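**Student:** Listed here are the chains, written in short residue letters.
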Amino acid sequence: MVQFKKMSLFGPQDKYQLNKPFDVAQGKGFSLLETTIAIAILVSAIIGPMALSSQSIRSASVAKNTITASNLAQEGLELVKNIRLNNRLSDPKKNWMNGLATCGSANGCFIDPKDLTVGACSANCAPLQFDDTLDLYNYDSGLDTMFVRIIRTSDVGSDEVKVSSSVRWSDRFGNHDFTLSTSMLDW
Amino acid sequence: MQKKGFTMLEMIVSMGVFAIAVLIGVGSLLALTNAQKKALVLQSTQDNLRFALETIARDIRTGDFYYCGSNISDVPPIPHNSLKDCSTGGPSFTFNNVAGSTITYQSQNNRIQKKEGNGDFQPLTSPDITIEYLTFYVISNPHPRVTIVAKGVSGSGSTRSELNLQTTVSQRKIQR
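Each protein sequence line maps, in turn, to chains A and B.
Per my numbering, the very first residue in the first sequence carries number 1; after that it's consecutive.
Per my numbering, the very first residue in the second sequence carries number 1; after that it's consecutive.
Just chain A, with the same shape it has in the complex:
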């Protein structure tokens, strides 16, 4: 009669004692170490892609707000340019930076896109409001948004002004800032 040698996963079975009635599984099954490793592999296989996808959603929503902010910042610069040309075209003798004096202060100013009203910013500038009926970011009507736009000007020479438009917002991923700047000449 052929006698098979009893083997366990880690070696011959006969080095274990098999005399107690409930020792059936001893030497078989998994050790704590094996279980821990197995669970660790499983968990890391799940956590890896999960972290990756949550990171991708996070980046996408930060990108979403950055796109909105960059367009609003661009709007700020265009409003300053529009005010300059309105000054020039309405009366050639008018100061080209007429109405923009408050933007030269340290706190900067805000400009409404509807009527070009220029307002001075205090230490905390007013946030843009969103009008639901006009679908418009402005400073007159609607609910406050998280976006704060500060426009600053500084003289480079007598005929040149540096304009910067900075949009700040804070969402659940932290505080963000998007700034655009340009140089503007007196013409």
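Bear in mind the hints are in silico, worked out from the structure with no lab data behind them.
For clarity, every value in this text was computed on a predicted model and none was experimentally measured.
We put the beta carbon where it would ideally sit given N, CA and C, even for glycine.
Take these hints with a grain of salt, some might be off.
[Said to hold, decoys possible] Here are a few chain B residues that sit away from chain A, every Cβ distance over 10 angstroms (derived from the structure):
id: 1; residue: A19
id: 2; residue: T62
id: 3; residue: V75
id: 4; residue: I78
id: 5; residue: P79
id: 6; residue: H80
id: 7; residue: S82
id: 8; residue: K115
id: 9; residue: L124
id: 10; residue: P127
[As the list claims (entries may be wrong)] 16 angstroms max Cα-Cα, derived EDC-like pairs, lysine to aspartate or glutamate:
id: 11; chain 1: A; residue 1: K114; chain 2: B; residue 2: D85
id: 12; chain 1: B; residue 1: K151; chain 2: B; residue 2: E162
id: 13; chain 1: B; residue 1: K151; chain 2: A; residue 2: D132
Using the hints, position chain B against chain A.
**Tutor:** Same frame as chain A, now just chain B:
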């Protein structure tokens, strides 16, 4: 003989453990595909709307003869040389671009469309995203500026994503 096969208890326990492991695995896989879908929808909304708005803004900035249509059939005839403001917003915008062609932008069938000269309207955005509005505010006092607002929505339910953008363009050309 005692140590051959599995006991009922072992089977139940191992199947229970396996079921839990599979449940966690499949659950997280489903969450993962959902998250991926969400990220994709976000991406496509952003790409489409950003591209459309940037194209329109750059085109308008260097153009002239800003004409704001009060409805989508309010498109001036070619050759176009008229001006029209709309401080309360209009859904259509016609102008002459820097090359001299007459261009109209408006939203039709939930997509942003562009018309050049006497041609047909060509879509700028993908059919996957729905344009809820595209409105132009044209104001000249005396120099013209256009505020463009657009909102795009895509996906549904938990993967729904919406984006509204606004920018203003001041005409570069001086027209008197």
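**Student:** Hints broken by the structure, by number, lowest first?
**Tutor:** When the structure is compared with the hints, none of them turns out to be violated.
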